[in-house]
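Trainee: Protein chains in written order, with this note's numbering: chain A, -11 to 573; chain B, 37 to 364.
Just to be clear, a hint being listed does not mean it is correct.
Stated by the list, open to error - Computed list of chain A residues with no C-beta within reach of chain B, every gap over 12 Å: (1) PRO124; (2) VAL133; (3) GLU373; (4) GLU453; (5) SER454; (6) PRO512; (7) GLY516.
As the list claims (entries may be wrong) - Computed footprint of chain A on chain B, listed as stretches where at least three residues anywhere in the stretch have a Cβ under 8 Å from a Cβ of chain A: (8) 128 to 141; (9) 225 to 234; (10) 251 to 264.
The set of hints was computed from the structure by calculation and includes no laboratory data. Virtual Cβ for every residue (Gly too), placed ideally from N, Cα, C.
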Amino acid sequence: MRSIRTKIELLGGLALTWGCSTGVAPPIGEAREGPPQQGGVLRTAFFTDVRGLDAATAFDTAASAIESLVYDGLVTYDDEGKLVPQLAERIDISPDGKRYVFPLRRGVLFHDGAELTAADVKRSIQRALHVKTPCPVPSYYERIVGFATYHDGKTEDLAGVKLDGDYQITIELTEPDATFLHIMALPIVAPVCASAGKVWERSFASKPCGAGPFKVTRYENGQIIKLVRHDGYWEKGKPHLDGIEWFLSMQSFTQRFKFEQGDLDYIRELSEADSLLYRTSPAWRGRGAWEPSLTTGGTFMNTEMAPFDNRHVRRAVSYAIDREQLASVRPGHVSAHAKMVPNVLIAPEPGYPQQTFDYERALEEMRLAGYAYDPKTGQGGYPKEIAYLAILDSYAQTAAEIYQQQLAKIGLRLKIQVVGWPTFLAKTSRRKTAQMGFAGWHADFPDASTFFEPILATKSIQDEESQNAAFFSHKPLDDLLDRARRSTDEAERKSLYRQAEEIVVQEAPWATSYTYSYLELWQPYVHGYKPHPVLSQHLRNAWLDRAQKKLAAADCSRGHRLLDRLTCPRPRRAPTTLALARGFR
Amino acid sequence: MLAFLGRRLLWSLFTVWAVVTATFFIYNVLPEDPARVIAGPQARPADVARIRTQLGLDRPVHVRYGLYMKNLVRPPAETKDDAVWKVGPLRIDLGVSYLKRKPVTQLLSKALPPTLLVGFLALIIEVGIGAAAGVLAAMKRHGLLDYGTVTLTLVGISAPTFLTGLLLQHFFARELRLFPLDGYGQTSAEQLHSAFLPALTLGLYGAAYYTRLVRDEMITLLKEDYIRTARAKGQREWVVIVRHALRNALMPLVTVVGLSMGGLVGGAIVTEKIFRWPGIGSLSVDAIVERDGPVIMGVVILFSTVVVAANFLVDLSYAVLDPRIRKR
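So here's chain B without its partners, still in its complex pose (with noise of 0.2 Å):
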């Protein structure tokens, strides 16, 4: 078991790694100029170069990966606290943005808390709907609720989050007023209130995603001998349901919530925008086009921190579960 959790977590870092180099590279073998982006196009050439010495952007890019690398992880003397990320004994550097000129930390610790607001209820809506809908439809298969929560879940998963966010917005918001058009508010409840409509954006679209999964898996499921066997003793249904068969179903449905944090996170990059949520992907989404090289490097190395993470739990749920991976 050890040894297997060794093998993952070191693939974790290794892929962390991978990624925080392969975007480095990537972002800095643009043909594009950071120093004239952030100058503004009126700039002249001389302002330009001293932004872009300022900045260290006229080293080699080897150069720049290098002192990137070396200033990602320091020792604790060596920087101050609000720019960093302390783990452990080891202090996060990720520099400070171009743009907006605050320590990457600083605007990742910020718009964290409102992006994993908006992901865990998201979380809950479409896991929630998606088994109760797709054990619904599982139980009255070719039936009106099986037809309609088909063409229903067909349609979410078809409808892109912006035109979802928008319809949600001019109904709950505009015209009924249940919910602020946009915006995060000061108080938490404030804060819940203004994230149930992103929530629901994002959340729409994994339901319908997992209602298909859960339904096509029980209806697998409910054929299986083992529930003819528990039903044949006189169980209840709702107990040959919910503990004999959609416990099963859960399987692939873990695996799946913990590859689609990435989506999660592709989702909110446009939810945020529409709604003005203060989170990661309105931070990505202005980092990337004003080409904030160190907000996107960031917001990067957060992301596959978190997808590697999730990855690497869900690894480890496998090897609880099934006593078979264990012994690999």
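If we strip away everything but chain A, and leave its shape as in the complex, we get (with noise of 0.2 Å):
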């Protein structure tokens, strides 16, 4: 089925070139300064459909964007992608890092109107946590004291969720852990209203509730999403929009079209084709942005099958790579990558432990695995094939020929198979089942972390459900995650991750190769808007300039297109995409 979409956006990209010669439409408006003006409807879309809107269960990228507008959570990220206090006045950190008081905000307006308290706060973690909740990320929370016997069912309270009066809520931690704040602010714990329960129920993921700046008037499944603006929200001003109209399951192309006819304001999915479009159209030059992108991507090593369970082979495929080359095939949205912590989190300074492209290093290597290759002749190398495995109709499929390629310069041949994506999931995660292919890592936050303890340590490997695909078992990387872990000095911890990528760089289970990002884009009358650090499509502080939305559609430019070729003052002709296309190269 993936392979059906990918046509559809291969025509589509297809149909704009013929049908399209005239480029990408020009912004509509002007960008004017001057104060956030109220009022007004935002419109985007997405991809695909949003899954369900219930804070507990709905984690996937496009819920999470829209849950971050109906749900304030007792912490946040502010611009900088710091964390910060948000419906918590205060955060206080007992010293030994295990204890977590949380004063709340007085006034603090449901969607339905009645004020939130502590009891609400704690009824809305227990809730997510509850067994019956399939809540997929349970265990981020293990560390809270008495988490086991509250989700097993044992006991109807959580323990360690501690009410002192109405107004504050204190969280007792088994031990001291770092990403704590970070998993508070994910929506899973965000406080919702009476109407979702005790224990979840189904339906509120249709209709949910929560103290956020916007709450859900229509939700249907692949069509729509409307919010409108929480009159009774705790920011006074805020939000500036009346609401925001988020179109689901929208086509690429599809998005292109509404964009420029000024049916969308903002997008972000655009297709390949598009993109380049809008980088080297004149119009656009200087206008939107690439999201920073919380992602590493590469290929891991199975440690525990041949040739990769000989640490010099791993080293040899970490050492070939041009990883400049892998970019240069998605200029813009793929970028060079070396190491295994994304640049937005701990950007690398000059001796940063990375992994490099070294050709005669990586010959040195093979030399040493006991495969030595001689490339004038073509003789030597690991003398059978190696099985990767690749993602159906993405990147990684790219990327697999281009390891292919790279690779057989140093006598690894590599068979590529490429599986759907739940196909890929359940034979990585299985022991001596994949030995080499696609790895991806999204951040869970953004902490260094969550780059490392899923995929990389011994704690991570199951017979069957393994994350740690390369099944790499390394104990002083164990004693460093841990350490960091539980430290809470920013510093020691960021030393302690260098450690980690240092041994990663010379043990080599994954080749980090590049990381992917989106390109942003949204018309000059849509202000308070640029990519957040860390939340995706992070439009809460948006606004628009309607006088400037007002004369787009009045422009008849814009309006019937063929016929107003015959009636409309000929626009200036943008260039072709072929013209486009060899001026970007």
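Join the two chains into one complex using the hints; note that each chain is given alone, in its own frame.
Mentor: Shown next as structure tokens:
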């Protein structure tokens, strides 16, 4: 089915190239400076559907973007990506790092008009972690005192979450956890209205109710989610918009058509062809932005299977990959990346341990491994084919073909097996099943730990459900990660993760290679938006210059395109697709 | 006649059961784990295991099959009304979607009317255009009209629906803005308006096929003795064509229309995605991509029933139209 989607996208691109040789439409209106204006409805779209909007269960990217507008949490991220209190007035952490006290803001109202109290916060946390709630990641919260007995259904009270009166809540942990505030910023434990109940009910997913700046008035699967301003929102003057309309399951080329016509104000899921058109359009120069990437991509090598049980072969792979070549296939969207933690989280200062492309060194590692390869004669190398698992219709498939060519130059012959996403997950999580394949990880929350513990720690290895696809077990790395998790000293943690990166460079369970970004575009009349370092499509501060948008609506050249070519003054012709592509090269 | 009907009915029920059983086992023996897909690639093993238990996926496949079939048709008292279809005294329970966490019957009930609307319109378009163009081409055989029709039908049959759909969307919705680019609309008028392009996309493919079918059938029939007799009796040409020839040419058309119901659904899968039409096609694509087993099973049961019922009706119409079949 993914291939059907791809065909549709490809044909869409083809239709655009053929039918729209006029290039992309210019921006609508002008970006005028001024104070934020109240009112207006912003329209945008998702390529996918949104499964549900129950904070406790919906954890995918699409749902999270809308949930961040519907639910406020105890903590959130500021514009720089730093953790700050949201519904909490402040956060008091005990010196041993095991006790967090959250005094609550007074006068915070839910969408149903009820005032937020500490009991609501506890009820919401308990509801999310209840044994009957299909929360995808309850184990994130396993360090809360009493989690195990509560989550197993042995008690009805989560002992570690305590009420201190109506407006203060205390959470106790079994051990210090540097990621605790990050997981408290996830919508999963955000306070929900009393209508959500104490135990999960499936009906709440389509009638969500929280304390965020927008409330949901219409939710139709595969069609639309309509949000309107929550008039009782605690932050005075916010939100600026009257509402946001989110169209669901909309094809990328349709999103472009609607964006050109002013029917969508902000888009993010352009096809490669459209992205190129916008990036090279003079009218769009300097507009839009790349979403900061919290993803690391590359290839894993199963350390329990030959030839990757040999450390030198793994190192040879990491040296043989030319990451710039991988990035050049999709300029802009794909960037070369050679370490586990994305640059948004830890910027690589000089000397920071990273994998590198060094062909001679790769050949030397192959020789040390006992598989010396002579590039001149093509003799030597690993004698058997290596099965490489890639995912259908993704950049991983393209990357696999590039890896195949690059690794052939050091005597490793890859046989690419392209499978669907569910099959990929099943095969890579099973012991001694997948030799090598696509490796990608998106931050669960913006902390370096999420790029090591779930995917490279020994405790993540299991016979059937292994998240550690490389089955990499390394005691010094495990010790470093445990220390980093318990440490509350940011400088110490940074140093520990730097050491962890060094181990990955030396042992090479992954050959990190690239990171993937989305191009975000918005019309000039949309203000107050910029890509957030952590939260995707964070539209809560956006506002519209409605006068400019109205001007656009009155512009006949944006209306009945074919008919208007006869009736409207002919607009300045934009360069053709072909010319743009040539110019780009 | 009753024995004939009984035999056909039993075969129909057996066919539906066989399709359901085959789908269930094929889906369940795939080396994939719906719990992992539901939990997401980032979920930890303990969470995946718990979801698997919640969904009953930790049980052996034959046990799951037994439970599924047992729950499929239930007595009224055992299920909530919002989660089932009522069929006489029985309740059809197709389970709950793994991902949307809604009863499958609810999802299908919501998706079925849009699909039926588009399917019905497409059927009108394909049969209408197919019959008219086929007759005209046969009447003007070896003429410009005939060659033009044959060429166009060749193009129509060759062009996949995703290409036709994109082209129609580009010209009629984007350039001319005569129809919405996509979506369903809220009022009946909006829905009918929005349904036109998806229906035309589906209908054009069928129309091309039916044109060829009717044309060939008409060419054969127009050479028959009874047509010559009718003409010799001085009947008007349109009476000869419509009353004598076309009526007989429609017999194979009825058969093909019945058999093509499945094809209409297959085309709808792509067409509905292009036009963001909230029908069974869109539901199927999402369910298959996300391995949402209960929804996949629900769609299969629904459409195998529809296709089998359509074929049953075709058999029935044969029996009504042809006395020789009744006597078998």
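Trainee: A separate judgement is required for each hint: does it hold in the structure or not?
Mentor: How the hints compare with the structure:
Not every beta carbon of chain B lies more than 12 Å from that of PRO124 of chain A, the smallest distance being close to 5 Å; the non-interface claim is violated. Distance check on VAL133 of chain A: its Cβ is at least 18 Å (rounded) from any Cβ of chain B, clearing the 12 Å threshold; non-interface status holds. Here GLU373 of chain A stays apart from chain B, with its beta-carbon at least about 21 Å from theirs, past the 12 Å limit. A beta-carbon of chain B is positioned within 12 Å of the beta-carbon of GLU453 of chain A; the least distance is around 4 Å.
With a cut of 12 Å on Cβ distances, SER454 of chain A falls inside the contact zone with chain B, its closest approach being about 7 Å. No beta-carbon of chain B is positioned within 12 Å of the beta-carbon of PRO512 of chain A; the least distance is around 22 Å. Residue-level check passed: GLY516 of chain A sits 28 Å from the nearest beta carbon of chain B, beyond 12 Å. For the region 128 to 141 of chain B, the stated coverage by chain A is satisfied: 5 residues place a CB nearer than 8 Å to a CB of that chain, which reaches the threshold of 3.
Given as covered by chain A, the region 225 to 234 of chain B fails the check, having 0 residues with a CB less than 8 Å from a CB of that chain where 3 are the minimum. Beta-carbon proximity to chain A at under 8 Å applies to 0 residues in the region 251 to 264 of chain B; the threshold of 3 is not reached and the given coverage is violated.
Comparing the model with each numbered hint stated earlier shows that hints 1, 4, 5, 9 and 10 do not hold.
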